[in-house]
Every structure is written in C-alpha cells, then in structure tokens.
Amino acid sequence: MNAIAKLSRRNFIVGSTATIGGLSLGFCVPFAEAAGNLPPEVNAWVVVRPDDTIVIRIARSEMGQGSLTGLAQLVAEELECDWSKVTTEYPSPGQNLARNEVWGDFTTTGSRAIRRSHEYVRQGGAAAREMLIAAAAEQWGVPARECRAANSVITHQPSGRTTTYGKVADAAARQTPPSEVKLKDPKDWNIAGQPLHRLDTADKLTGKQKYGIDLVQPGMLNAAIRACPVFGGKLARFDAAAVQTMPGVRKVLQVDETAVAVVADTWWRAKTALDALPITWDEGSNTGVSSASIAELLAEGLESDERVFVGTSIGDARGVIAKGGKVITATYAFPYQNHATMEPMNATALWTPERCDVWAPTQSGGLSLQVAAEAAGLPIEQCDVHKVHLGGGFGRRGGFQDFVRQAVTIAKQMPGTPIKLIWSREEDMLHGFYHPTTQCKLTGVLDEAGSLTGFHMRISGQSILTSAAPQRLRDDGSDPLVFQGLANGGDEYALGYTIQNLLIDHAMRNPPVPPGFWRGVNLNQNALYLECFMDELAHAAGQDPLAFRRKLMVDHPKHLAVLEAVAERIGWNSTPPQGVHRGLAQIMGFGSYVAAAAEVSVSDGQLRIHRIVAATDPGHVVNPAQIERQVEGSFVYGLSACLYGECTVKGGRMEQENFNTYNVMRMADMPRVETIVMPSGGFWGGVGEPTIAVAAPAVLNAVFAATGKRIRRIPLANQDLGSV
Amino acid sequence: MARITVNGIPHDVDVEPETPLLWVLREQLGLTGTKYGCGVAECGACTVHVDGAATRSCVLPISAVEPGQNVTTVEGLSSDGNHPVQKAWLALDVPQCGYCQAGMIMAAAALIAQNKAPTDADIDAEITNICRCGTYNRVRAAIKRAVEQA
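First to last, the sequence lines map onto chains A and B.
Per my numbering: the first sequence = residues 1 to 724.
Per my numbering: the second sequence = residues 1 to 150.
Warning: the hint list may mix true and false statements.
[Stated by the list, open to error] Subject to a maximum C-alpha distance of 35 Å in a straight line, what follows is the list of computed DSBU-like cross-link-like pairs (lysine-lysine):
1. K116(B) - K187(A)
2. K144(B) - K85(A)
3. K323(A) - K85(A)
[To be verified] Chain A side only, calculated, beta carbon under 7 Å to chain B, not exhaustive:
4. T206
5. P247
6. R250
7. K251
Bear in mind the hints are in silico, worked out from the structure with no lab data behind them.
From the three backbone atoms N, C-alpha and C, an ideal C-beta is built for every residue, glycine too.
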C-alpha cells in the first residue's frame with residue numbers, strides 16, 4: 001500500500017474521533033482495528049480476539065433487511081461460538097479483489113443475501129471451528145477427533161480439559177484449513193433458525209449509528225449537485241461567478257455532461273449556492289414526453305405484433321380464445337414509482353493521482369469499486385470502497401452507482417480533498433431509476449363449468465434490463481425479468497396455476513425514462529395483474545375466489561399451501577364483521593412462496609385496511625423474527641405503492657419532487673399484519689421482496705368485494721371509491 | 001453568529017441566520033443522529049425537541065431559535081440509551097435500516113411526555129413520520145410498551 005493510502009485511512013480514524021461540542025464524531029472504518037495489533041484472522045470469515053470476542057465478517061450489505069444478523073447466525077452456528085460475544089465487520093471490495101474474491105459476491109439485491117451465500121458462509125464458520133479445535137489439540141498433544149467445541153469452549157472429552165477460542169486463536173490461524181467440512185443439518189441448529197435479536201439495534205437508538213450521509217473527514221468539503229431534470233438533457237452552461245462569493249463556497253464545477261455541482265464548507269451552504277446558481281439546460285429531445293404519451297405507447301403494445309417476446313406458451317391460448325365462449329378481458333396499468341430511500345443518495349470520495357478511496361452506502365460494493373476506479377482513471381488496485389450502513393436501499397443503491405461516479409468525478413477535480421456529495425430529496429426524486437411502467441391486457445375464456453380453459457396475458461411496457469443491464473437480456477433481446485412470477489416451472493418464479501392453453505408475452509416498449517430494480521422488481525406488477533384478474537375470472541364464473549384458484553393449483557402444492565394458510569387464518573369461510581370485506585392473492589418470487597389475505601372496509605369513499613394476514617414459505621428460515629419484520633415492512637412498501645405511489649412525467653421530467661407530492665404510507669394507514677412463517681425445507685428462498693407483490697392485489701380484491709368496483713390501475717389515491 | 005443551547009450545552013455558531021436548525025446540528029455541532037430526509041417538514045427524520053415539543057428542524061431557521069430555548073437531540077435524550085422509549089425500541093428491535101428512527105424516537109418521546117396513555121388514534125395523529133422499511137407496527141407497540149414501563 002502506498003503512503004497516501006495509509007495516510008488517508010489512519011488520518012481518517014484519528015481525525016474523526018476529535019470532539020466538537022463535547023460529543024464524539026467517532027466512526028470506525030471497517031478493518032481499522034484489524035490493521036492494528038490484533039490477532040490474525042482464523043480465516044476470512046472469523047477473527048477471534050484474546051477476550052473471546054468473535055468478529056464475523058459480512059460481505060453483503062445491511063440496509064435494514066437484517067441479513068447482517070442472519071449471516072452472522074449462520075457462521076456462528078457452524079463456528080460453535082458464544083453468540084453473546086459476536087460482533088461483525090464489513091470487508092472492503094478492494095480487499096476482496098486482492099484476496100481473489102475470498103468473500104464471494106458483495107451484491108445485495110434480489111433478496112439474495114442469505115439464499116445465495118448460506119453455504120459458503122457456513123463452511124467458513126465450520127472451517128474456523130476445525131482450525132480452532134486443531135490448535136487446541138496440538139497444544140494438548142491429543143488427537144483433534146477427541147475434542148469438541150461448544151459456546152466458544154473447546155473440550156478434550158477424555159480428560160475434560162478445556163480452553164477457549166480466544167486462547168488458541170493465534171495458533172488456529174497457523175493451522176492448515178480443512179479440505180472439506182460437513183455442515184449441520186438445519187434441524188440441529190441452535191443459533192441459526194432462532195428469533196434472535198438483531199446485532200445492529202442499539203446504535204440506531206442513540207444517534208451513534210453512522211450512515212454515509214453522516215461521514216466526516218478532516219478537511220472534508222461538501223458538494224450539492226443538480227443534473228438536467230429532463231431525461232436525456234444536458235448541462236449547457238452556468239454562471240459560477242454569480243455564486244462564487246456566497247458564504248462557504250469553494251468551487252462551482254461541471255461534473256459531467258449533465259450535472260453541475262457546488263462545493264462548499266458545509267452542505268447547506270453548497271445547496272444554498274446551488275439554488276442561486278444560474279443554470280441553462282440543453283433539454284434535448286424528450287421534452288414532449290409525458291405520462292399520456294407513454295401510456296399511449298404502451299397501449300399500442302397491448303395489441304401489437306411488433307417487438308413481442310413470448311415468456312410462456314402452452315397449448316393454443318389464442319385459438320381457444322378465438323373460438324369464443326365466455327371470454328373475459330381486462331386491461332390494467334402500473335405507474336412509475338420512486339424508491340424514495342429515507343437517506344438520499346450520497347458518497348464520499350478522496351482522490352489523489354495515486355489513489356482513490358470512496359465511502360459509500362452501497363448494495364453492491366464490487367460495482368461501486370469498479371465505477372469508482374473508472375471515474376478515478378486509476379487501476380482498480382489503487383482504489384477501494386469502504387462500505388457504510390445504508391439508510392434504505394430497495395434496489396436504488398445496487399445496480400446503479402451514479403452517486404459514486406459523481407462523487408469521484410467531483411473529488412478528482414479537487415485532488416487531496418475529501419468530498420462528501422449529498423443529493424437533495426428533490427434530486428433524488430427527479431433522478432431515480434424508476435419502478436417501470438407497464439400495462440397488461442388479460443383475456444380468459446371459461447367453459448360451461450366455469451373452468452379456465454384459455455388464458456392470454458399480454459404485458460406491454462418497459463424492460464429494465466435493456467437499459468440497466470443489457471448483458472442479461474436473452475439472445476433474442478427479450479427481458480426475462482418482465483415475466484417474474486409467470487414462469488412455466490423453475491425454482492424462482494413459477495406460476496402457481498395449471499392452465500391448458502396459456503400464452504404470456506411481452507411487447508417491449510421503452511420510454512426514455514430510466515427504469516430500475518425496485519424492491520420486488522416486476523413481480524409487483526405481475527402479481528397485481530394476475531391475482532386481480534384471477535379474482536375477476538372467479539366472479540365471472542360465479543365461484544368463490546379461493547375455490548376457483550384451488551382447482552387450478554392442484555399441481556402447485558406449495559403455492560396452494562401458503563394461500564390456504566392465509567385463508568384459514570383470516571377466516572375466509574366465516575362471515576366477516578359488518579362492513580368488512582376480504583381479498584386474497586398469492587405468487588412465487590425470489591424462490592419463495594407467498595400469499596396474503598386482506599380485510600378492508602370502504603365508507604363514504606374512504607378505504608380502511610384493517611388487517612393483513614401474510615404467509616411465506618422460504619424453504620429454510622434463519623431468523624423467524626427477522627422474517628416477520630420483513631413481511632410487515634413489505635406491506636408498507638407494497639401498500640404505499642398501491643395507495644399513493646405514482647411518478648408522473650411532463651415535459652420529459654418527473655413532476656414529483658418531494659414527499660408532499662409523492663406521498664407514502666404512514667402510521668395512520670398501517671393495518672395490523674399477522675405473519676405466518678411456514679418453511680417447508682429443502683430450498684432457500686428470499687424474504688426481503690416477494691411479499692410486497694401480494695399486498696396490492698389482496699387489498700384491491702377486497703376493495704372489489706366491498707364496493708363492486710374493480711380497480712385496474714394504481715394508485716388508489718387517484719380513484720374515486722365513493723362513486724359506486 | 002447565533003447562540004443556541006443543545007442538550008443543555010450553549011454553543012455559538014457562525015452561520016447565516018436562515019440556516020435550518022437541522023444543518024446547524026449536523027454540520028456545526030456534529031450531531032448527526034438528527035437526519036435529513038426531505039427538507040420540507042414532511043418526513044420527520046429531523047425531529048428534535050425544542051423546549052420539549054417535537055419540532056421538525058429542517059424548516060426551522062436558526063434565527064427562530066431563542067438562546068434560552070433548549071434543543072434536545074437523540075444524542076441528548078438520555079445519558080446511555082436508557083430513556084423508556086429507547087429501552088422499548090431495543091426490546092422490540094424496532095429499527096430496520098434505522099435512518100428514520102431518531103426522528104421516530106424523538107416524536108414518540110414527546111408524545112408520551114404529554115400523554116401518559118396514548119390511544120391508537122393519538123399515535124396515528126402524532127406520529128406522522130415516514131418510515132420506508134415499514135416499522136410502523138413495531139413503533140406503535142414500542143410506544144405502548146414505553147408507556148407501560150415508564
């Protein structure tokens with residue numbers, strides 16, 4: 001490591017613990033301690049200190065979803081350590097690169113933190129346990145097979161001698177790692193599988209927890225940024241002289257083709273000057289784009305044969321529908337929505353000609369590093385990213401690292417000065433990567449017995465991958481994400497219905513608005529279309545919505561099991577309280593089976609959601625309490641979208657700039673949520689996202705039961721429920 | 001130059017008079033527990049107490065805070081996280097990402113200081129802070145627990 005890198009890291013630790021106003025600004029950089037005189041790691045996942053404190057390294061990001069605790073539980077389970085002495089730290093993406101990716105993938109999107117790393121983190125814990133045992137056995141001169149470990153204590157069983165992990169950690173680090181380890185059967189788990197408290201709660205109650213936006217470095221300046229609000233537009237010019245002498249302003253600079261930034265001693269002064277900065281935009285060719293023009297583009301796709309990709313095709317749905325019978329058709333629409341993480345986008349960067357360090361709340365440390373190195377114009381080995389807790393991610397901080405690129409681009413223009421870039425909420429709302437807009441035309445045909453014999457689902461709208469990750473498109477240019485929850489089998493997104501004649505296709509229509517991976521991704525739109533329309537079909541057939549679905553779900557027992565569970569708990573077969581009405585929905589996504597039942601009432605046009613019952617079968621459960629929290633939270637995210645979430649386009653830009661026009665659910669809207677966690681074993685499904693998708697359709701189906709009014713576009717805030 | 005009293009300690013801060021209290025706390029005093037979420041008093045992440053009243057500090061200019069008024073931030077709510085609200089929050093593991101939680105805690109602490117037995121309707125009316133992770137039901141349960149154990 002070169003001198004500058006050392007300087008930046010050590011100075012940062014020392015400098016940032018200085019006190020101002022009697023309070024500490026202390027902030028611990030990951031590995032800051034490990035760089036000192038502490039014992040060597042046992043292996044990449046585990047450090048044991050002499051006082052028996054266990055440091056478990058977590059590669060995935062913690063953004064509220066709780067997988068920091070869950071992953072630590074998995075390592076600790078195999079390590080056989082004392083859970084009360086477990087702490088965690090993040091390795092950096094640069095360290096991962098330097099060590100041949102020993103920590104695997106850092107990406108924390110797609111509900112994958114646990115389901116995509118459970119095996120190797122458990123192996124890491126098991127290998128460390130074996131090395132600790134081997135070290136003790138060597139010291140005692142006994143065979144390792146005669147020793148057992150439990151609760152951070154190693155016992156030589158024949159003699160009863162004991163030692164602790166802390167005492168043999170140094171020697172364990174010198175042991176040869178075992179070539180293979182046997183993992184415990186989940187039924188024998190003691191730490192994993194338990195509803196343990198989170199490891200990261202206490203600091204979030206006192207202001208001690210630092211987020212990216214809170215970082216302070218010696219000599220640091222703050223940047224406020226504004227990019228052309230029209231999508232595809234550019235920065236034409238700005239009059240720096242007009243604000244150059246405002247308080248605290250150090251520099252007014254062009255960031256890239258689209259954005260200008262003001263750098264000042266404080267962020268408030270930077271923002272104040274930016275607000276006063278005369279800026280001229282080159283708005284480009286999208287100024288005629290509006291929500292209406294986008295809706296028109298998508299509506300054309302509902303009937304078109306151009307750029308149409310088939311997702312699932314079984315039998316001859318078109319033929320069966322053409323023959324007629326009882327044909328039911330409905331068209332649904334889903335708007336753009338913003339992630340609206342509570343912590344606006346930010347990153348801190350320090351650039352010198354030899355080195356670039358970035359501190360960022362990121363869902364994808366590896367991608368942050370790659371983007372930082374590109375923006376820095378330096379070899380990746382001379383850069384690193386230091387991960388910080390996220391004030392919400394929801395997909396916004398994963399595949400898109402625009403905030404990192406900008407922070408480095410600004411810092412590069414001010415070598416040697418750490419720059420903290422913070423977006424205003426307005427910038428965050430105007431420059432999202434939006435939950436994409438789609439429309440869907442669904443056509444079903446019922447036979448005389450009221451059975452569904454043919455079904456066509458035409459989705460029209462935006463592909464996320466086409467702009468965000470074209471390398472993930474299929475060879476024919478189709479976007480597999482568009483069909484989430486609608487696949488003919490598979491272990492992630494299988495459709496839960498067997499329909500003899502089935503066609504699900506997608507007319508790709510890409511408006512010039514950047515789409516993104518929004519918690520739940522396309523599962524949200526698809527579950528709303530599918531599950532509301534199933535309800536429509538059931539009513540058209542004169543059948544109970546549960547009974548109607550059940551007939552189609554005979555070959556999908558796991559889908560059916562969660563649906564039956566919520567129906568039973570909500571009392572589907574009993575009469576609801578006066579004025580209360582019920583709705584159901586189910587889907588599979590991110591490898592898990594989920595269902596919801598809702599109880600609502602509508603009085604004088606006012607919707608009240610009284611109660612939600614949700615069920616999830618994620619296969620294996622690492623922390624059931626954490627799953628409950630994720631499921632409860634899923635209804636806040638999903639029902640915010642259902643009740644309020646809409647970004648509208650006018651003049652080629654978003655109209656909503658803050659929470660006063662982009663409202664979200666608050667306490668008064670929040671129903672009671674009862675969660676049924678029903679792991680059936682044998683697979684590992686995700687938890688953070690899937691349940692969001694059933695929130696809106698369960699409620700909308702209940703709204704229909706209450707009002708007879710079928711809501712086919714969200715948000716509900718724009719609908720008149722009183723006119724029925 | 002303005003004089004304010006924060007967590008019982010007077011400070012002289014060199015800022016423009018229209019600077020919001022939020023940014024004085026965060027940038028002049030280093031009290032970063034109070035968060036920026038919207039800047040327009042919608043989300044409540046910036047909630048502090050001014051003489052005990054829950055106040056959204058992002059729209060309160062420093063010039064409107066009298067030197068004699070006491071501003072309390074989450075860092076000053078208790079000496080070591082032992083305020084009944086903080087204890088209830090810990091027991092129920094309320095936070096997810098935690099970014100909104102300082103504001104939630106300050107709003108909840110102000111509520112239970114005035115209202116010893118808040119009903120669900122009182123909680124709905126008084127706790128209007130935004131949480132995107134979705135902790136509302138746990139916030140509600142923790143407020144009730146804090147009241148019981150206060």
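Hints, one by one, checked against the model:
1. K116(B) - K187(A): Not satisfied, since the Cα-Cα distance of roughly 45 Å exceeds 35 Å.
2. K144(B) - K85(A): holds, 31 Å
3. K323(A) - K85(A): violated, 69 Å
4. T206: holds, 5 Å
5. P247: holds, 6 Å
6. R250: The hint is violated - R250(A) has no Cβ within 7 Å of chain B, the shortest such distance being about 15 Å.
7. K251: Violated. Min distance 18 Å.
In summary, the structure is inconsistent with hints 1, 3, 6, 7 from the numbered list given earlier, while agreeing with the others.
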